[in-house]
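K.L.:
Respectively, the protein sequence lines represent chains D and P.
Anchor point for the first sequence: position 222 equals 222 in UniProt numbering, and the numbering is continuous, going up by one each time.
Anchor point for the second sequence: position 442 equals 442 in UniProt numbering, and the numbering is continuous, going up by one each time.
It is worth saying that the hints were derived from the structure and are not from the lab.
Note that the structure is a prediction, hence the values are computed from the model and not measured.
Treat identical chains as interchangeable: a pair holds within one or across any two.
Pairs of lysine-lysine, DSS-like flavour, derived with a Cα cap of 27 Å:
| no. | residue 1 | residue 2 |
| --- | --- | --- |
| 1 | LYS350 | LYS64 |
| 2 | LYS580 | LYS400 |
| 3 | LYS475 | LYS538 |
| 4 | LYS580 | LYS396 |
| 5 | LYS746 | LYS768 |
| 6 | LYS746 | LYS303 |
| 7 | LYS374 | LYS524 |
As a plain string of letters, each chain reads:
Number of protein chains: 2
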Amino acid sequence: MKQYLKHDPWLIVEEDFNRNYNEITESVMSLGNGRMGQRGNFEENFSGKTLQGNYIAGVYYPDKTRVGWWKNGYPEYFAKVLNAANWIGININIEYETLDLQTCEVRDFRRVLNMQEGYLERSFVALLKSGKEIQVNAKRFCSIVDDEAGAIRYSLTPLNFDAKITIEPYIDGGIRNRDSNYDETFWDEVRKETGYGEAFIELRTRKTGFHVCTGMCIEIEQDGARIDFQSQPIRQEKYVANRMTLECLQGQETTIYKYAVNLSSLNYDSDSVVSEARKYIQRITGKGFERMLIEQKQAWADKWKMNDITIEGDVAAQQGIRFSIFQLNQTYTGEDERLNIGPKGFTGEKYGGSTYWDTEAYCLPFYLATADQKVSRNLLRYRYKHLEKAIENAQKLGFKAGAALYPMVTMNGEECHNEWEITFEEIHRNGAIAYAIYDYVRYTGDVHYLAEYGLEVLIAISRFWSQRVNWSEAKQQYVMLGVTGPNEYENNVNNNWYTNYLAAWTLRYTTEAVGMVKELDAEKFNELCDRIHFREEKEITTARHIADHIHFPYDENRQVFLQQESFLDKELMPVSDIPKGQRPLNQHWSWDRILRSCFIKQADVLQGIYFFEDEFDPETLQRNFDFYEPMTVHESSLSPCVHSVLASRLGRKEKAYEMYLRTARLDLDDYNNDTEDGCHITSMAGTWLAVVKGFGGFRIKGDQVILDPNCPDNWESLAFKIRFRGALLEIKATQTEVSIQNFSEKNAEVLLYGKSLTVSAKSQQTVKRATGLPIKSRKK
Amino acid sequence: MKQYLKHDPWLIVEEDFNRNYNEITESVMSLGNGRMGQRGNFEENFSGKTLQGNYIAGVYYPDKTRVGWWKNGYPEYFAKVLNAANWIGININIEYETLDLQTCEVRDFRRVLNMQEGYLERSFVALLKSGKEIQVNAKRFCSIVDDEAGAIRYSLTPLNFDAKITIEPYIDGGIRNRDSNYDETFWDEVRKETGYGEAFIELRTRKTGFHVCTGMCIEIEQDGARIDFQSQPIRQEKYVANRMTLECLQGQETTIYKYAVNLSSLNYDSDSVVSEARKYIQRITGKGFERMLIEQKQAWADKWKMNDITIEGDVAAQQGIRFSIFQLNQTYTGEDERLNIGPKGFTGEKYGGSTYWDTEAYCLPFYLATADQKVSRNLLRYRYKHLEKAIENAQKLGFKAGAALYPMVTMNGEECHNEWEITFEEIHRNGAIAYAIYDYVRYTGDVHYLAEYGLEVLIAISRFWSQRVNWSEAKQQYVMLGVTGPNEYENNVNNNWYTNYLAAWTLRYTTEAVGMVKELDAEKFNELCDRIHFREEKEITTARHIADHIHFPYDENRQVFLQQESFLDKELMPVSDIPKGQRPLNQHWSWDRILRSCFIKQADVLQGIYFFEDEFDPETLQRNFDFYEPMTVHESSLSPCVHSVLASRLGRKEKAYEMYLRTARLDLDDYNNDTEDGCHITSMAGTWLAVVKGFGGFRIKGDQVILDPNCPDNWESLAFKIRFRGALLEIKATQTEVSIQNFSEKNAEVLLYGKSLTVSAKSQQTVKRATGLPIKSRKK
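Make the full structure from the sequences, and use the hints.
P.N.:
The structure is reproduced here in structure tokens:
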């Protein structure tokens with residue numbers, strides 16, 4: 001845990017340069033716009049600890065799988081989003097000295113990520129070995145308006161000298177992934193072009209053949225006025241630059257504007273990426289930095305208007321939730337249905353930018369409540385389009401007749417992960433994909449999605465569950481052998497309660513969905529039956545039989561669900577009994593010891609109760625929470641959020657707050673000692689869940705919004721907005737009252753603390769917590 | 001399965017050159033002498049399919065572990081015996097044509113491994129592209145008399161031409177392991193020397209720093225007389241040779257004698273390996289090829305006198321058992337207690353020449369019955385010397401207080417394997433090491449071994465078991481969670497019957513051994529207690545409590561032991577139900593499917609019944625055999641032998657014979673399609689078990705030899721020799737009678753078919769099987 005970044009409601013601030021933490025800061029201060037992104041690297045050369053990282057959504061490489069001992073069924077490759085050409089680079093040379101913060105003294109250093117307006121700025125004074133002092137101010141952003149472009153303003157002011165300064169803005173395509181299995185290069189050069197103040201390089205990924213043109217255009221100002229300059233084009237292997245030498249006087253500010261674009265064959269014809277990049281860059285250069293920045297601020301203001309959550313009285317908590325919302329918005333906009341949410345977004349290389357069950361289980365609710373319905377629909381459609389591959393994947397593992405197993409990790413629908421206990425056994429992911437369909441339909445009321453796409457996916461997943469269980473003669477029940485639940489600290493267990501529950505639930509929900517679709521669009525249903533050979537009666541009878549006769553391990557004594565069949569054979573003890581210095585367990589204990597222990601990496605039974613909370617009474621939740629939570633080490637970033645939500649539901653505010661901070665400030669405080677690899681983007685959705693579903697007590701039941709706000713004691717207030725079926729509501733809760741603002745044109749019915757409340761169109765209602773009675777109602 | 005090698009009682013014969021099978025033949029025709037060995041490669045250049053392989057016992061390299069996803073506790077390296085300098089090479093050039101069986105026509109090819117006399121010979125006529133025909137006869141051996149040396153006689157006869165032939169005998173140290181994790185080179189060159197007809201190269205292994213000098217000396221004969229020749233020394237990187245050009249006339253035989261030595265720093269000072277190699281080579285060259293060969297034949301005759309097993313009436317079975325005995329003798333002589341028995345011996349690189357539980361569980365009985373007692377004692381001492389490392393290994397996994405976990409795979413006592421389900425969980429290996437101590441003491445009566453070494457190992461292993469179990473509140477018994485039994489087609493199971501049985505047995509036997517040692521040598525016992533902090537009362541009480549209260553899964557219904565607790569939740573079906581074309585399962589089914597299935601890779605419950613057969617009545621054996629055998633796919637080479645022994649015990653001769661052939665001819669017929677990687681040396685001990693313990697019905701109970709011979713119906717007779725406590729007995733069984741020859745100076749008491757029989761010193765007894773009565777007694 002590190003706490004060198006300043007607490008601030010809207011900014012992430014590094015004051016004084018923390019060399020040793022630089023890779024952490026780079027992760028935290030990453031910029032992105034859903035289409036491209038980059039780590040918070042320096043523009044000028046830096047010889048210290050750094051991971052130069054630029055990433056382009058959807059541009060990936062199938063890196064040959066690294067395996068110790070091959071198991072039949074392992075995939076041949078692991079697809080990863082590639083580190084792409086560095087477009088921010090501007091090398092600075094002052095009379096034979098290179099500006100490099102590693103080798104000079106640094107004064108007045110400040111690096112700030114402005115989350116409100118969506119840019120990164122940095123200022124410092126460098127004291128070179130020669131004694132020269134130079135002031136640098138840099139500002140840059142990835143535009144969310146022109147989402148294939150970025151812009152940099154980089155200013156130099158000699159403080160105690162006049163000199164010729166050589167400036168070399170460049171694009172470097174000679175990058176390697178730090179995360180590469182066999183240390184291979186993933187990019188080939190196709191073409192490069194240089195011109196006056198501009199340069200373009202076209203690279204192609206090996207194997208996948210994506211073309212990407214990265215281009216730049218340079219403008220220079222001195223004393224606030226645009227100047228002409230001599231520019232020497234530089235062309236080296238996978239590298240293009242313009243070199244210019246400028247006379248810079250003491251106290252005079254020289255400003256370099258660097259406009260850059262990244263155009264890929266995902267969106268353009270391969271042959272035209274360079275010419276399109278030229279056009280694009282002309283357009284944005286024409287707009288100019290200041291105009292682009294104004295548009296950027298405006299666009300971010302619009303986003304915040306919909307998404308912002310305010311917490312008064314607790315800056316650390318406020319910063320945490322805003323950071324989470326900011327990064328989620330930077331990572332995924334929902335505009336392109338081919339994309340998804342990589343666990344590290346554009347902040348690092350680990351986990352390869354691929355898609356995990358995180359999307360469905362943790363991220364979807366955020367997009368449902370804060371973005372246009374088409375965004376979550378696109379997330380669902382992403383899996384629909386991978387259905388064929390999921391069926392192939394199941395076939396490879398011996399399943400048949402249209403059964404689908406969605407991959408644990410994927411880029412294009414094919415499985416990428418190769419640990420048998422996860423790849424083949426952590427199959428609950430399939431259930432999360434089914435659950436997301438239910439969650440979406442429940443939230444949006446868009447039952448047509450079922451007819452169009454959802455049911456086909458549900459049937460394929462149900463077919464998988466039907467084949468994956470087997471009848472146990474011994475138990476006279478169906479059993480599911482050899483699985484890994486969400487708690488990856490148990491592997492290859494039998495009858496994981498969560499997985500069995502999800503499976504039974506999927507089978508039932510599929511049956512329901514069949515009914516709904518038949519009623520909604522019989523013709524479409526018949527067409528589907530024909531196409532996928534759905535034998536309704538037989539498959540539904542089987543599904544019901546399994547759902548009704550599957551084994552759920554249960555402890556009669558404690559009246560808790562058992563995480564897996566043999567859980568009670570373990571030595572049960574609380575986390576507090578683990579000797580000091582032995583945590584995190586995954587860094588101190590051998591794998592078998594972890595597996596044999598009762599300690600839980602992340603919510604497992606509790607994840608199921610969280611998903612299906614309506615199906616369990618509070619006493620059941622409480623008993624299971626009290627049984628499992630003390631044994632949970634939360635060594636997954638996806639664990640504390642679920643516990644925070646459930647603790648809120650149980651009215652355990654302290655526990656809920658503790659768990660909230662752990663998820664909200666995970667990266668800001670480098671809680672798990674791994675932020676240098678990148679931020680935990682998908683778990684940021686968990687932060688949002690902890691606030692909105694947890695402290696806000698927001699949920700949907702039937703067609704109704706339910707709210708049970710319950711802030712931590714140290715918060716003055718919590719306010720958040722939610723979209724629900726065309727309505728936009730803002731809920732603000734203090735320790736004493738709750739007000740609900742309805743921005744929409746029609747009345748909203750909510751259930752607040754269990755009581756019905758109508759908030760009229762365009763008006764606000766305030767309710768006293770103690771009495772539950774409205775105290776104010778105001779037309780807006 | 002391939003059947004291109006001729007059936008013969010003493011020879012392995014390849015007639016006509018089988019290019020595509022060459023790597024299989026090379027494995028089968030490997031030569032070795034316990035100190036060094038090599039595959040059946042060609043001397044002359046060969047550009048076809050070949051794995052050039054030369055191996056020196058004990059000279060290994062710690063190859064960096066290859067891992068897909070790292071688990072805490074994995075070892076850093078996998079130690080492997082290295083492919084070493086090629087010393088057999090003799091390149092032949094005939095007027096610009098290279099002799100290469102890949103590029104010329106081959107006539108009258110014959111490659112023969114003579115198991116009786118311990119050499120490999122080869123003859124053929126090569127028809128070169130130019131039309132020249134040349135006859136080649138080659139013979140070579142690894143001397144078991146001078147066990148750091150080998151010798152080759154290589155003769156050329158031009159059949160239809162006179163020509164200058166260039167001959168280049170060489171030593172090539174530029175070899176790479178085919179089995180290398182990161183494609184690295186493992187050898188560095190230290191020195192090379194060349195002289196008239198001789199050359200030496202000294203190489204050093206990277207990291208481990210073993211020095212090996214490989215040297216050669218050449219002599220040439222024409223028309224049966226030694227000739228002088230011009231020799232041009234060749235020195236290239238890691239390569240030394242002598243090149244000589246000889247005038248060869250049509251019909252004239254030119255013979256090259258190549259003497260070679262491999263001296264390693266395992267046995268010599270690093271600085272003197274070259275000078276010692278010079279001396280060594282002078283000595284053997286002085287002896288000469290013919291003399292060396294006579295000594296070789298004599299030494300092999302001596303070995304066969306002790307070890308041979310004859311089977312009359314079934315050449316395939318005869319060849320199989322001789323091949324097994326031959327290869328076991330080539331692999332391990334027991335003379336050097338630093339060495340052990342690699343699963344591939346000197347026949348290939350796979351499994352790295354390391355030590356597995358195969359040694360204790362399968363090989364020890366062979367050496368107990370056929371070799372001097374010191375050989376098996378050395379095998380035990382090998383593990384004793386690794387005890388400290390085994391304790392460290394257990395510590396790494398969280399065990400304490402002197403608990404030892406022997407590694408799954410090792411070269412120097414450190415664990416090399418990295419699959420969590422095996423490395424950390426296949427812990428029954430620890431039991432096999434305890435069992436071997438019991439087996440040795442029972443066989444030899446050498447209880448002093450317990451006092452000297454055995455008890456210390458037993459206590460350390462028992463400490464491991466005591467810590468590895470935990471008390472299950474649910475069961476009110478001890479349980480052992482998360483293990484992999486001998487059947488590696490189940491992983492991470494709870495309460496594997498075999499492992500629990502072995503653990504309980506070890507705890508009891510350790511208690512007994514404590515008693516024995518206290519009685520035998522109280523002083524030594526006290527010294528041991530002090531040294532290893534053995535708290536006798538406490539540890540023994542705990543051991544007894546665990547042994548008495550450990551859970552053994554059992555099916556009351558079928559009255560069989562359950563392989564693991566959840567076995568009956570599986571869908572049970574016989575192997576015959578597996579659809580055609582889906583075997584072997586490990587090549588057709590994904591790993592999870594294998595794990596969920598009931599199919600068994602190798603004996604598991606049955607392995608336990610085999611080890612402790614006195615503790616189970618025949619009905620119990622029969623029920624368990626009938627339950628498990630039909631579900632067993634025998635996809636481990638260590639499986640059929642145990643089933644053969646047990647089937648013999650049950651009087652199921654057909655099943656016993658089927659299983660025998662599967663183990664005895666595994667490599668000769670390339671049963672598993674993998675002999676090209678090397679032969680299955682440790683499973684060859686299983687062949688011996690199937691014959692001697694199975695068909696011979698040989699076992700030891702108390703101080704007595706028990707015999708229940710029961711040959712397969714198609715055998716005329718079976719004869720084998722056993723050593724037992726100073727006695728040497730030969731048992732010959734036909735379908736009607738059994739005769740026992742006692743070669744020793746004192747009478748031998750045996751229990752034959754349940755009846756006591758005294759075979760007087762130096763005499764023979766023959767018993768009619770039908771009556772069980774002696775029919776002949778003859779003083780020898």
